[in-house]
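Protein chains in written order, with my numbering: chain A, 1 to 458; chain B, 1 to 102.
Treat the hints as calculated values from the structure; they're not laboratory data. Some hints here could point you the wrong way.
Claimed, not checked - Below, in silico cross-link-like pairs of lysine-lysine (BS3-like), each with a Cα-Cα straight-line distance of 30 angstroms or less:
# : chain 1 : residue 1 : chain 2 : residue 2
1 : B       : Lys-29    : A       : Lys-373
2 : A       : Lys-373   : A       : Lys-127
3 : B       : Lys-55    : A       : Lys-132
4 : B       : Lys-13    : A       : Lys-373
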Amino acid sequence: MKKELRIISAAGNLGYGFPEASLAAAMERNPHFIGCDAGSTDAGPHYLGSGTAWVSRASCKRDSELLLKAARKAGIPLMLGSAGGAGGRKNLNFLVDIFKEIAGENSLHFKLGVIDTEQDKDYLKAKLKQGKITSMGHLPELTEKDIEESEHIVGLVGAEPFIQALNLGADVVICGRASDTAIFAAIPIKEGFDPGLAWHAGKILECGAASAEPVVAGDCILVTLRDDHFLVEPLNPALRHTVLSTSAHSLYENADPYCLYEAGGMMDLSASRYAQVDERRVRVSNSKFIPAEKYQVKLESVAKAGYRTISIMGTRDPLLIDQIDHYIEIVRNTVHNRVNDAYKGEMTAADYILNFRVYGLNAVMASWEPVTKTKSHELGIVLEVIAPNQELANAILALARTYSLHNHFPGRLCTAGNMAIAFSPSDIPMGPVYRFNMEHLIEIDDPLEMVKVKIIEL
Amino acid sequence: MELKNLAKVIRSKNAGPFCVTFDIMFADKPTYEKVKSTGVLSAELISGLYKIPLKEVRFFACDSALSFKASIKRNIFSGDIGDSDIYGAQQHAPLLDIEIPV
Numbered sequence: 001m002k003k004e005l006r007i008i009s010a011a012g013n014l015g016y017g018f019p020e021a022s023l024a025a026a027m028e029r030n031p032h033f034i035g036c037d038a039g040s041t042d043a044g045p046h047y048l049g050s051g052t053a054w055v056s057r058a059s060c061k062r063d064s065e066l067l068l069k070a071a072r073k074a075g076i077p078l079m080l081g082s083a084g085g086a087g088g089r090k091n092l093n094f095l096v097d098i099f100k101e102i103a104g105e106n107s108l109h110f111k112l113g114v115i116d117t118e119q120d121k122d123y124l125k126a127k128l129k130q131g132k133i134t135s136m137g138h139l140p141e142l143t144e145k146d147i148e149e150s151e152h153i154v155g156l157v158g159a160e161p162f163i164q165a166l167n168l169g170a171d172v173v174i175c176g177r178a179s180d181t182a183i184f185a186a187i188p189i190k191e192g193f194d195p196g197l198a199w200h201a202g203k204i205l206e207c208g209a210a211s212a213e214p215v216v217a218g219d220c221i222l223v224t225l226r227d228d229h230f231l232v233e234p235l236n237p238a239l240r241h242t243v244l245s246t247s248a249h250s251l252y253e254n255a256d257p258y259c260l261y262e263a264g265g266m267m268d269l270s271a272s273r274y275a276q277v278d279e280r281r282v283r284v285s286n287s288k289f290i291p292a293e294k295y296q297v298k299l300e301s302v303a304k305a306g307y308r309t310i311s312i313m314g315t316r317d318p319l320l321i322d323q324i325d326h327y328i329e330i331v332r333n334t335v336h337n338r339v340n341d342a343y344k345g346e347m348t349a350a351d352y353i354l355n356f357r358v359y360g361l362n363a364v365m366a367s368w369e370p371v372t373k374t375k376s377h378e379l380g381i382v383l384e385v386i387a388p389n390q391e392l393a394n395a396i397l398a399l400a401r402t403y404s405l406h407n408h409f410p411g412r413l414c415t416a417g418n419m420a421i422a423f424s425p426s427d428i429p430m431g432p433v434y435r436f437n438m439e440h441l442i443e444i445d446d447p448l449e450m451v452k453v454k455i456i457e458l
Numbered sequence: 001m002e003l004k005n006l007a008k009v010i011r012s013k014n015a016g017p018f019c020v021t022f023d024i025m026f027a028d029k030p031t032y033e034k035v036k037s038t039g040v041l042s043a044e045l046i047s048g049l050y051k052i053p054l055k056e057v058r059f060f061a062c063d064s065a066l067s068f069k070a071s072i073k074r075n076i077f078s079g080d081i082g083d084s085d086i087y088g089a090q091q092h093a094p095l096l097d098i099e100i101p102v
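With the sequences and hints as input, model every part of the structure.
Here you go:
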């Protein structure tokens, strides 16, 4: 086992950008590998549904190019996971294409390991029949229909697929959907370091400099992993790690600050120890990893829920603002009646969604909003229709927009129009609406059975 | 004193698309300990503010991080129909004015 492993994390997400100076400083520390998280479910279901990323191709390429060049120059591995934002096959290919482009433009030659974690429906149906798929508690137990309806299903893979790619000779590894932590924990585990420390280090690394002070998303950190502890520090001299910033980081985006689940086990940070080594570095020890009896992988998936059209408007009339809830009900009923009429009963209120998001009242907190009466002098309203196809969504939204603008209300003085419509065109088709339809665990015998690993020689 | 004048961080964020987690973090141990000793921040408080059954609230006092954490299920999942906050980052406002007797 090596004495120590020096690991760089470039940023909280590939495409967020990081200062070139920070990466340069990182490379001067002779790291053993560089990793970067490339995706998340944070941005919602659309990106898995559509197979697109939520960072621009240009910013993704900028970050990728800097990292690839640095890694190749130093002859060290580059590890990326949750490619293209959501880690589905199309998202994966998006990032692989960027890397091929960079390689071609710069005459870089290396072995690219590509890990596809998008799942086959027949395989999942068979596993379901065997009773191997269970709900994590927020959604009902899975049915065959759920699998059938899914647009893209991915597994959140652990360390093993990354290790396999490295064993096959990969210099650079791009994985589809993966545990953010596994991107970084794979090599330490392969090299025989303590799993508790390896996974905890990975958890801190995957967010880039978010564990440092002051908090930024787009900057590099260095972890020095040793046999019974690791050190963490930022590369930007304007930042520093403190005991507080580091220990508090395990709270970020985690429901439980101490018990963090991975494929194959659970991190237990409840007895972790943090010590300030100097102004900018923290020492972490005593983190545990408890292997699970069953090897389970989290499944993520989206189904299509319809097509959406919106319109953005506002009102500055205090008389309307004073009765806005009542007014919205009037408009809603008018729209329902008109749709019923127009489609001769074939489209009823049950067949589409009509939402009024009232900014200035309760658009942000919705049912959790304690304020019931607005004191605002203006309200922003986003009108939203979700219907089985785009044409219907457009048509129903057009009706809703018309009635929002022109409907009478008691005491009305502004008889030329009730709303300030923001844009021409007023109606904005938004395309397909996706929703997450899986939060389930699949029990598997072999960590590699759910993935396809291949090597591309560039 | 209101919590917003005592805490360094008061935030909400998704912990996965189905759950929202709240963190209330303090800059120094004495303030954290003082707040902790009042017992005001609790699962019961969160249950009342967000109208979640008590048994569905996960609540932690994290001494080493000088922080309190509460995690609850989102009524509407991230990006689902009717969702108002994809990242879950703006659900913390009711925590700001909590009165702590210090």
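Hint by hint, here is what the structure shows:
1. B:Lys-29 / A:Lys-373: violated (39 angstroms)
2. A:Lys-373 / A:Lys-127: violated (51 angstroms)
3. B:Lys-55 / A:Lys-132: Holds - the C-alpha atoms of Lys-132 of chain A and Lys-55 of chain B are around 28 angstroms apart, at most 30 angstroms.
4. B:Lys-13 / A:Lys-373: Roughly 26 angstroms separates the two Cα atoms, so the pair holds.
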